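> Residue-level listing of the chains:
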Amino acid sequence: AQSVAQPEDQVNVAEGNPLTVKCTYSVSGNPYLFWYVQYPNRGLQFLLKYITGDNLVKGSYGFEAEFNKSQTSFHLKKPSALVSDSALYFCAVRDRGRRHGGSYIPTFGRGTSLIVHP
Amino acid sequence: NAGVTQTPKFQVLKTGQSMTLQCAQDMNHEYMSWYRQDPGMGLRLIHYSVGAGITDQGEVPNGYNVSRSTTEDFPLRLLSAAPSQTSVYFCASSPTGTFYEQYFGPGTRLTVT
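Top to bottom, those sequences are chains W and V. 150 is the number of the first residue of the first sequence in this note's numbering; add one for each residue after it. 46 is the number of the first residue of the second sequence in this note's numbering; add one for each residue after it.
Everything labelled a hint here was simulated from the structure, so no lab data went into it. Everything numeric in this text was worked out from a predicted model, so none of it was measured. Where hints are given, some of them may not hold.
As the list claims (entries may be wrong) - Simulated pairs of lysine to any residue, SDA-like, Cα-Cα distance not exceeding 20 Å:
#1 W:198 / V:74
#2 W:171 / V:87
#3 W:207 / W:197
#4 W:198 / W:166
#5 W:198 / V:98
#6 W:207 / V:54
#7 V:54 / W:189
#8 V:54 / W:194
#9 V:54 / W:152
#10 W:198 / V:85
#11 V:54 / W:191
#12 V:59 / V:125
#13 W:226 / W:190
#14 W:226 / W:197
#15 W:198 / V:140
#16 W:198 / V:145
#17 V:54 / W:188
#18 W:218 / W:152
#19 W:171 / V:129
#20 V:59 / V:130
#21 V:59 / V:145
#22 W:171 / V:84
#23 W:171 / V:86
#24 W:198 / V:148
#25 W:171 / W:226
#26 W:207 / V:148
Claimed, not checked - Partial selection, computed: residues in chain V whose CB lies under 7 Å from chain W:
#27 48
#28 109
#29 135
#30 146
#31 150
#32 151
#33 152
From the three backbone atoms N, C-alpha and C, an ideal C-beta is built for every residue, glycine too.
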């Protein structure tokens, strides 16, 4: 089975400070990993993904994430937070070798609310 | 290019009523899926489709039906609404066959009284 954990329901950070939103995963094989962002009353928007290659992945809006296989983590980071980054962030994982009825379905975490204070 | 559209945006139903949530995409994506979002639960997969005429169950399929007669449309039917189906429903589509990157609609907020 595949699963993903976002250990923090909420992260608070001051504008201009670096931010980290944590994600850990569990898969039986190798993972594909994703981050999405959801602004209030909107659908989710894709931020970035790790498929293979460089462990540091760069995505939209200045976000990046680091894949750490030994710690089974894929934390989302940004060097300098903006108030406009305040949103709900979801991590998702898919086992490369896992099929669900013949297809590959990612599992989403419960989400982390990021609040950036002016 | 409208992306993924969902109608209605809001809906209130009485217990036992049925309705269809509409989802359409104009990106010619093969894969489409329906999720429900509940506080503290994240996103849970209801049903998905890997192409016209092909659907399968997700994590929480009970009480819901889907069909995929065209590439563009993927409606979700609530057969007999229950208060436990009060949620926000999201439709998503994926440009490849592997759910690498999903494009989400704006959501439908459903309340069942």
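> Given the hint that residue 59 of chain V pairs with residue 125 of chain V, test it: the Cα-Cα distance must not exceed 20 Å.
Roughly 9 Å between the alpha carbons, so the hint for residue 59 of chain V and residue 125 of chain V holds.
> Is it true that the CA of residue 54 of chain V sits at most 20 Å from the CA of residue 191 of chain W?
11 Å, holds
> Given the hint that residue 171 of chain W pairs with residue 129 of chain V, test it: the Cα-Cα distance must not exceed 20 Å.
Roughly 30 Å between the alpha carbons, so the hint for residue 171 of chain W and residue 129 of chain V is violated.
> Has the given pair, residue 226 of chain W with residue 190 of chain W, been kept, meaning a C-alpha gap of at most 20 Å?
24 Å, violated
> Holds or violated: residue 198 of chain W and residue 145 of chain V, Cα atoms, limit 20 Å.
8 Å, holds
> Hinted pair, alpha-carbon criterion (20 Å max): residue 171 of chain W, residue 84 of chain V. Please report holds or violated.
19 Å, holds
> Is the interface hint satisfied for residue 150 of chain V? The criterion is a beta-carbon contact with chain W at less than 7 Å.
5 Å, holds
> Does residue 194 of chain W sit within 20 Å of residue 54 of chain V, going by the straight-line distance between their CA atoms?
18 Å, holds
> Do the alpha carbons of residue 171 of chain W and residue 226 of chain W lie within 20 Å of each other, as the hint requires?
9 Å, holds
> Taking 20 Å as the top limit, are the C-alpha atoms of residue 59 of chain V and residue 130 of chain V close enough?
Distance ~11 Å between residue 59 of chain V and residue 130 of chain V Cα, so the pair holds.
> For residue 54 of chain V and residue 188 of chain W, compute the direct alpha-carbon distance and say whether it is at most 20 Å.
16 Å, holds
> With a cut-off of 20 Å on the C-alpha distance, tell me whether residue 207 of chain W and residue 148 of chain V pass.
19 Å, holds
The structure fails hints 4, 5, 6, 9, 10, 13, 19, 21, 27, 28 (numbered hints given earlier, in ascending order).
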